[in-house]
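Given chain A's structure and the hints, the job is docking chain B onto it.
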Amino acid sequence: MNKVLTSLLSLGVACTAAMAADAAITALKVTDSLDAIKADSAVWSKAKFSSVTLYPQTAIYMNDKKANALAENVKPKAKKVDVAALYDGKNIALMVKWADGTKDIQKGATTTEYGDGFAVQFAGITKLPEALPYIGMGSAGRPVVVHLQKATEKIYEPNGNKDVGLQINRQQTGVFEKDLAEFDNKVASLANTDYERVFVAEGYRSLTEIKDGSVKSSSEMVHASNTWTGTLSRPLKDEYVNLTGTVPVSIAVWDGSKMNRNGIKNLSAWIAVNLDGQKPNAAMIAELTTDPKGNAVKGKEVAAANGCNGCHQIETTDPTSFMAPSLRFVGGYSSAAYLRESIVKPSAVVVPGYNRNAHSNTPWYNLEKGKRVSTMTDYSHLGKAEVDDIVAYLKTLKAEVE
Amino acid sequence: MSKRQLAMVMDLNKCIGCQTCTVACKTQWTNRNGREYMYWNNVETYPGTGYPKNWMELGGGFDAAGDLQPGVIPNLESDYGVPWDYNYDSLTTTSLIDGSKEAAFHPHVSPTWGPNWDEDQGAGVFPTDNYFFYLPRICNHCTNPGCLSACPRDAIFKRDQDGVVLVDLDRCQGYRYCIAGCPYKKIYFNPKISKSEKCILCFPRIEQGLPPACAQQCVGRIRFVGFLDDLESQVHKLVNVYKVAIGLRPDYGTQPNVYYVPPTESPAKFDAEGRIIEGSTRLPIEELEKLFGPEVHHAIKTLKDEMKKRKETGVSELMDILIAYQHSDMFRLDNNYYQEVAKEQHRTPLAPVDTRYVAGKFTKAGGHH
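Order-wise, the sequence lines are chains A and B. Under my numbering, the first sequence has 135 at position 135, and the numbering climbs by one with no breaks. Under my numbering, the second sequence has 116 at position 116, and the numbering climbs by one with no breaks.
Only chain A is shown next, with the shape it has when bound in the complex (with noise of 0.2 Å):
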């Protein structure tokens, strides 16, 4: 029994790693306009939708005992999700429908429960794919633009609005009935039902919300059907992004049944997104959908020889026992160029903060001159095969998809 079982995994792993980039999506270039579409908006019948994969997020670990102790969370699963986009030369649109059974909507009166939600992210360098942001919010010089949308009930946000008076317990009044009526009612017009923000961030822990009212966009959720669909339209140009020819995308979604939130999410690598009719940029989608070019069974032995699992955890998830990120799913939501350039380049990208990852005895980075140093050993000196090798293999890690 061991052994059948054994060998079914193996097969689920050997699956797994055939398993190619998703496809580049057309973006149909439509006379309508895009500013306030919605799910249900008769545009998207011109849509194609294409089929992306949303992987578990597993570079940082989360300090939530009871989500991590979910089975989902356990063992967790990628998601198949279809995505069709749309733009009409001011504005991109895009849908995002996936499966989620249970349409959890974070309620004003609970601290435990969890909306769903579901994000798109958007490069603020879009022409080069070797400076893509790390998929992770971004990276230093390397911005990005999320659009996050969540499923909650009414949400108050009465600071620095001046309604102190509308903030006080009802029943600290002194009025009743039709008074307390009309207290009520105020109090409700105060509340917002659309959880919709955009942030702009460089790297994580530095998402930053846009309030200025710089970013114009409209986007919703709705669900039916078991399924949610999420649209987005936001301008092709603004302060934050220019989006011509092919557009890296990212999605990402929650589900709060799951305690999702945050860091607990599935996401998309970079996603090419072609604007119909426009030049495309022929390196970006050559990056961003074709696995990458070296020998991944030599790679993992390239990995072996120069001791990568000293430090990472390369094929499991222990968090009590390693100090630098698990390697473990991050091939489905690295770009190939991300990878090759944390092997050869480990200070690009190093993500801050104190969490889990953070063995005070073994940090993960020094702080010199206020740059952020990885500890991690530069491979530079790897030979391009080699590294492409290692960069194939670790492309390989993926979660099974759900």
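It is possible that part of the hints are untrue.
DMTMM-like, lysine to aspartate or glutamate: derived pairs with alpha carbons at most 20 Å apart [unchecked claim]: (1) LYS65/A - GLU57/B; (2) LYS66/A - ASP63/B; (3) LYS107/A - GLU77/B; (4) LYS154/A - GLU36/B.
Not the full set, but computed from the structure, chain B residues with beta-carbon under 8 Å of chain A [unchecked claim]: (5) ASN13; (6) GLY17; (7) GLY59; (8) VAL125.
I should point out that these hints are in silico values taken from the structure, not numbers from a laboratory. We put the beta carbon where it would ideally sit given N, CA and C, even for glycine.
Same frame as chain A, now just chain B:
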């Protein structure tokens, strides 16, 4: 680590569990807008479940290697308790004396748990060896805060000028990892605004030279407030000089800045016949060791020695401090300090408007009764 650290000392020998601090805090900060269930300041019975329920078992803090430990986020209903409310409206329309069995006036939920659900229960067997004491708790404004380490958004910060730990509500997105990371469970999720909130050490008050509301209102005068590096502050003397005030659960590794004078005075036990067992004490030292670590032995010895000294000679600076004669001595907020900080930041510092409130009309500044 901040440039300076403001700290509070609470003398557990003197806490009577009156909850005046709790109410002072609640009315000031948490009676509205999604904070109704929160007690930034609470007073729990020890031994007991505490608030939130069994908070000491919920993880967080750091291990010996300095690694943040995973933790559990308490449930509003079963661990904190739903703050139930009454339909006062009904009182205007229904009669309470018409004999109807169904009360028109009732709480909006049937409560299953709440803070101090087990108040005054304690441990042991009545009347032979039962015991308890009160443990007032606020945020510890830790030197190495678990909440800050856990936050993936850099939304929690420790003020450089006084070490007060605050949530940047603009950055907070309500992920709640901070709650898992805090071993004291003294940071709370506000579900109405979907952000975390916590004790702010009444910083708008301290910046004006006033102590936090909980300390100001304390009828037992158990709370001392001051800077740890201020050699004149009683906090400094209790913590650094006499070493009779110790952080709660130092084993959590967060270096808390609320310090407790451990309870030393507890009645003797009774034997089966109800006679006093001479020399016995009801409070097990193991419990105090669990709460305050091995340092508690030294603290208790110093307290006992000084008590004796005071009895015999009438002189003990430590006892004089703990008697807490003057608010002006107990609270050294160094108002000029914040004025200087404001000036450095090119802002106009506001002088306290009420000088009498600070100085007192009938008290001679600095003098004792």
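For each hint, the structure was consulted:
1. LYS65/A - GLU57/B: holds, 12 Å
2. LYS66/A - ASP63/B: holds, 19 Å
3. LYS107/A - GLU77/B: The hint holds at about 13 Å.
4. LYS154/A - GLU36/B: holds, 17 Å
5. ASN13: This interface hint is violated because 34 Å lies over the 8 Å limit.
6. GLY17: Violated, about 25 Å.
7. GLY59: GLY59/B check passes; min Cβ-Cβ to chain A is 6 Å, inside 8 Å.
8. VAL125: violated, 35 Å
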